[in-house]
Structures are given as C-alpha cells and as structure tokens.
Amino acid sequence: MPTPLLALHGVWKRFGVVEVLKDIELEIHAGQVLALLGDNGAGKSTLVKVISGVAPADRGALEWEGRPVQIRRPHDARDLGIATVFQDLALCGNLDVVGNLFLGREIRRFGLLDEVEMERRSRQLLERLTRGIRDLRGPVVSLSSGQRQTVAIARSLLGDPRVLLLDEPTAALGFEQTTEVLDLVDRLRDQGVGVLLISHNLGDVKALADRAAVLRLGRNNGFFDVNTASQEAIISSITGATENGPRRTAHHEAR
Amino acid sequence: MHDMADNTRAAPPAPPGPGRRLRAGAAGRAVAGWAASFRHRLRAGEAGSLPVLLVLALVWIVFQSLNQNFLSPRNLSNLGVDIVGTGLIAVGVVFVLLIGELDLSVGSVSGLAAAVFAVLNVYHGVPEWLALVVAVLAGTAAGTVQGFSFARTRVPAFVVTLAGLLTWNGVMLAVLGTSGTVNLDENGLVAMLTNYYFTDDAVAYAVAALATGAVFLSSYLERRRRLAVGMPHRSLHDIMVRTAGVAVLAFATAYVLDRFQGLPLALLIFLVLVAGLDVLLRRTHYGRQVYALGGSVEAARRASLSVARVQTAVLAASGTLAACGGMFLASRITSVSQSSGSGVLLLNAVAAAVIGGTSLFGGRGTTWSAVLGILVIQSIASGMALTDTPTAVQLVITGGVLFAAVVIDSLSRRSQEAHGRA
Chain A
1 MPTPLLALHG
11 VWKRFGVVEV
21 LKDIELEIHA
31 GQVLALLGDN
41 GAGKSTLVKV
51 ISGVAPADRG
61 ALEWEGRPVQ
71 IRRPHDARDL
81 GIATVFQDLA
91 LCGNLDVVGN
101 LFLGREIRRF
111 GLLDEVEMER
121 RSRQLLERLT
131 RGIRDLRGPV
141 VSLSSGQRQT
151 VAIARSLLGD
161 PRVLLLDEPT
171 AALGFEQTTE
181 VLDLVDRLRD
191 QGVGVLLISH
201 NLGDVKALAD
211 RAAVLRLGRN
221 NGFFDVNTAS
231 QEAIISSITG
241 ATENGPRRTA
251 HHEAR
Chain B
1 MHDMADNTRA
11 APPAPPGPGR
21 RLRAGAAGRA
31 VAGWAASFRH
41 RLRAGEAGSL
51 PVLLVLALVW
61 IVFQSLNQNF
71 LSPRNLSNLG
81 VDIVGTGLIA
91 VGVVFVLLIG
101 ELDLSVGSVS
111 GLAAAVFAVL
121 NVYHGVPEWL
131 ALVVAVLAGT
141 AAGTVQGFSF
151 ARTRVPAFVV
161 TLAGLLTWNG
171 VMLAVLGTSG
181 TVNLDENGLV
191 AMLTNYYFTD
201 DAVAYAVAAL
211 ATGAVFLSSY
221 LERRRRLAVG
231 MPHRSLHDIM
241 VRTAGVAVLA
251 FATAYVLDRF
261 QGLPLALLIF
271 LVLVAGLDVL
281 LRRTHYGRQV
291 YALGGSVEAA
301 RRASLSVARV
311 QTAVLAASGT
321 LAACGGMFLA
331 SRITSVSQSS
341 GSGVLLLNAV
351 AAAVIGGTSL
361 FGGRGTTWSA
371 VLGILVIQSI
381 ASGMALTDTP
391 TAVQLVITGG
401 VLFAAVVIDS
411 LSRRSQEAHG
421 RA
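Chains A and B, in that order, are what the protein sequence lines are.
Each residue of the first sequence is one higher than the last, beginning at 1 in our numbering.
Each residue of the second sequence is one higher than the last, beginning at 1 in our numbering.
It is possible that part of the hints are untrue.
Computed spacing ranges between beta-carbons, pair by pair [stated by the list, open to error]:
1. A:LEU217 / B:LEU227: 58 to 64 Å
2. B:ALA252 / A:ARG137: 29 to 35 Å
3. B:ARG152 / A:GLY31: 39 to 45 Å
4. A:GLY192 / B:GLU417: 35 to 41 Å
A short list of chain A residues far from chain B (calculated; beta carbon distances all over 12 Å) [stated by the list, open to error]:
5. ARG67
6. ARG73
7. ARG137
8. LEU157
9. ARG211
10. ASP225
Source of the hints: derived by calculation from the structure; they are not laboratory data.
Heads up, the beta-carbon is just placed ideally off N, CA and C, and yes, glycines get one too.
Given only the sequences and the hints, what does the whole structure look like? Please build it.
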C-alpha cells in the first residue's frame, strides 16, 4: 500500500482525568473513504478534533505523506489541506451564508471584503451541491438544519482539501440531500481526496467506504476491508463482542 | 424553508431590464412590495433600526408639543454637539457588544484620558496636540490591558472591566492629585473640539452632498459589478430611493444647522468616525472576525481565527473610543475634575448602544446604532431640561426606553431562531 496521506501513531488525548483516546493508530489514504465507527463515547468526534487541531493530541506522532507534522491548532490543519465538517457544524449563526463559507479566508479587493466575488463563488459552489439554498444573505440561524449542514459541507470544500473529515455529515439531512452528499463524497474520492467518514448508518458505510476503523472505549478495536468483511463482524467489533484491536500491554500507564 | 425576501440586498435576478420598475404605475407596486417585505423581515426578527426611529420621532413630537423651542435650530444644533462625547463612548461599547461581551470601564477610561490630558497640558506645559495624542493612547493602553487579561484568563469581559472601572478611576484620581478641578484653555485645541462651527453655510451643504454622493456611488458601483457577473443586484429604482432618503436627511440636517451657527466640528468628526468604523466593521477582514466572535467563539476558533487577538483588539478599540469621548466631554465644559467620567455616563453609553439596536447577545448591530441610541437619550435629556422636568423622571423614562429596547432585541433573536426551525 502506498504512503498514507495522513497517519496517526500512538495518539493519546486526555480531557481532565479522562483518557478519551488511548494509543490510537489510523491511516487515511488518498482516494479512499475510511469509515470511523464506534458506539457513543468511543472517541470518534474527539479523534476528529485531534486531527483538525481543535483539541490537539497530548502524545503521539502524526505523519503527512510520510513526514512528521505537528497539528497544534486549526490553522495547522488547514495549511496541510485538512478540512472538517464538525458534528455541531461550527457555523456563526449571525453571519450570512457567504460570510460563513469564507470565514477566515475572505477575498479582499482594495483592502475591503470583496462581497461580490465571494457571493459569486458561493453560488457556484452551492449549485454544485444542492438546489436548496437561495438566500445567501440572510443569517444562517434562519436556515433549516439541513441547509445549515449543506453550508458546513460547502465550507469544507472551499479550499480544495486533500483530506476531508466528515463527522455525521448527513445527520440532519432528508433522503434526497443525503444521497446528494454521498454522491459528492464518491466524486471527491475519485478526485483523490482522502475522506474520513463518521456515520451511524452502516448502510451508508457499506455503500461508500473502502475501509473501516472501529473505536471502542477510546481504543482501536479493529480495521476492516468493508468490501469483504461481514456486517456482523463489524457490529460485534463496535459493540465489544469481539476485541481485536492492536493491543499493547494492559498496564497502559507504563511510560 | 422559503426564501427570506431580503429586498435591501438583492432584488430577484429575473429580467434585469433597467428602468423596468420605473414605468408608470410601478411605484404603487413598489411600495406594496416594500411593505410586504418589511412585514416579512419584522416577523423574521430583522426589524433593524425602525423601532428606535419610531421612538425618536415620538420623543421629538412629544417634546415639541410641550415646548416650541425643542425643535428649534439652536436646540437641535446643541443636541448635535451634546451627543458626541457619550456617542463616541457608545460606539466603543458597540464594538464590545458585537463580540457578545460588555465593557464597564468606558466611563473611567474616558475620565482617565481627560485627566491625563489636563495634567500634561495645564501642569506640565505639554503642547495640546501632544497631550491629546497621549491621552487617547492612554485609553488604548487601558483597553489593551483589559483585552489581554480577558483573552488570556477567559474571565468574562464585564468582570475584567469592572475591575478596570475601579482601577482606572483610582489611577485617574492619582493623576489629578489633590488639585480637584483643572480648567482647560478656553481658546485651545480641545475647547475648539466642541465650540468650533463651520459658519460658512456652504460647508454643511458640501458635506451633505459628499455623503449622498458616496452612498450613491458605492451602491451603483456594486450594482454594476454584480450585473457584470450576472448576479442578483439592486434595481436602479431601489438605489434612487435609498440615495434620495440619505439626501433628504443630510440636506435637512445641513439646513437646520445652518440656521444656527453652521456645522459643528464635533458633529462632523463624530459622523466621519462612525461612518469610517462602520466600513471597518462591515467591510473588512477585521470587522468580519468581530462579528464572527459574536456569533460563536468556538466556530470562529475552528475557522482558524486568532480569537485572543481579536478580543484584545476589540477592547483596545473600546478604550480608545472611550478616551476620545472623554476629550469631547471635557471640551464641552472646558474642565476636568475628579467626577469626570463618573455618574450615569457609563450607563448612558451602554444604553445608547442597546437602544440603537445593537444586540446584547452579540453579533448584531452597527456603529450607527450608537448614533441613534444616543440621539434618543440626549433628546430626552434635552427635552426634560427645556420643560423643567426633574432628573428623576428623566432617569425613569430613559430606563423604560432601554427596557423596551432589550425586549425587542430578545424577541427578534428568538423569532430568528424560530424562523430557522420552521
């Protein structure tokens, strides 16, 4: 297998006294969709926050195309080409769609914001995604939750990312929009983007993902080739009926 | 969901034939359409500055009927100068409210700046312009210290600035020493800030013409760019109506001011600053970050914004504007005393920002709301003075208006969210 776009080795994350992630291994490859599965509280969203620089890892090594990198803040992840759709979307409700899409990377003209150009690109981008949003200038808080989700997805695509982290991207979407998003993920994979997809819908995972990584109680609990592994095997790995992660010694406090 | 007809920004893209809307009979439809879109915006929680304009009109009508001198050029001109000191402080408060915080130190900072100026200029013979610069920078420094503490410790800004309120007040008393009241040069630069008038009638009209021209040109150029790339744009009719509105307001103000002593320098400085800061907040990268923080600090952080830097800058701006306001207040009475910057000044500044329509919840409002809010407050004060009403009544009425403003703010916020859930 070629060098992964992004690899995590022995990543630990602690919130207060709780070890949320313990010794995590993960590889995201270009042109592949990796499903990240696990029960509630398994650490999926935390792992996304580690990779996106929102909650940097306490320990562990990150490699970008084989060379070691540091992701200490969201800026670092963005510079590498990692884009994220967070579970809570992380939109500014008072800003309009255009403002949210371009937040932190506004287009400027004579030192002022170039609203016209930003709106033009927003329209282009959103037309590629969906027909659902017409008003780009009302505050995002007034949009429906499905529309907001679309905005968050659109924002992640704006910088032509090389790795895309999707934390429950279809949670608030109806059937048609879900299909649109899944088609989009498919297209992005074909364009060589590495996708990490968190989803509770095993049907989506089966249809879309190439590989699956299972987390359980903050640890790796197995890697699967989605095309060959049985659904039962994946589910029992999620629920803990089988423990087949890469394990180290039991006394994990040993340093 | 359905589109929210936001006619102030974008007319429907459909056939963009210029002049199409200007044909005979179209005017009635335009008015009806405007009214419909307005009702829609009201329900969607975007009442904008309409409530405060209604309140202002009401206040003016009531006082004019009580005292014929209220709307006299003399009183209105004085009003135009009286609003500047507190108004500038209120603009600073708008900055802080926009990030969803509150600055309680603005009164003390304005007093500190005035004290620094007075002591440097009167006691140490520092030239006025230099003392003025140092005084304003003292405000910037005070604001920066508070901003830095707030951003680093993540203690809510109102607590940090409450500490600031006491600290800067103490520093001011130390700066003034035992001297009590310091009288400023009656003919100096600072005195001029509020007693200089452009007596030539042409100046006020020229400023009005410039403002009108700027409004027209900016919306016309934007329309042209949007047309060029085939995007929704304002109709020419819309631009004309807007420009005409600004023109009527600007020239009427100029006319009234010229009936007294002409355009006051203070008012000119105030309006130029407010307009400039409005552009800064709504049209620049920096301003967009300020609004983003008011929407969601966490979302802003995840969008790679340097939250701490913006927070520090916002409180620095608030301190700077408080210092500027303090200079105008000192100029108005050409003296600085231990009571400078104390009393209801802070409360009036915060109330002005909120009454003008800046949200207490952050992320909504403009610098112009400070102008409208302080106009309401100062109009009430001026009317009360003219009609010999006791201060007690004045405070109660201002309090009532403030409460109404907060209720409107809260209702419109809730209705916006309900709109989203629909």
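### Query
Among the hints numbered above, which are violated by the structure, and what are their numbers in rising order?
6 and 7
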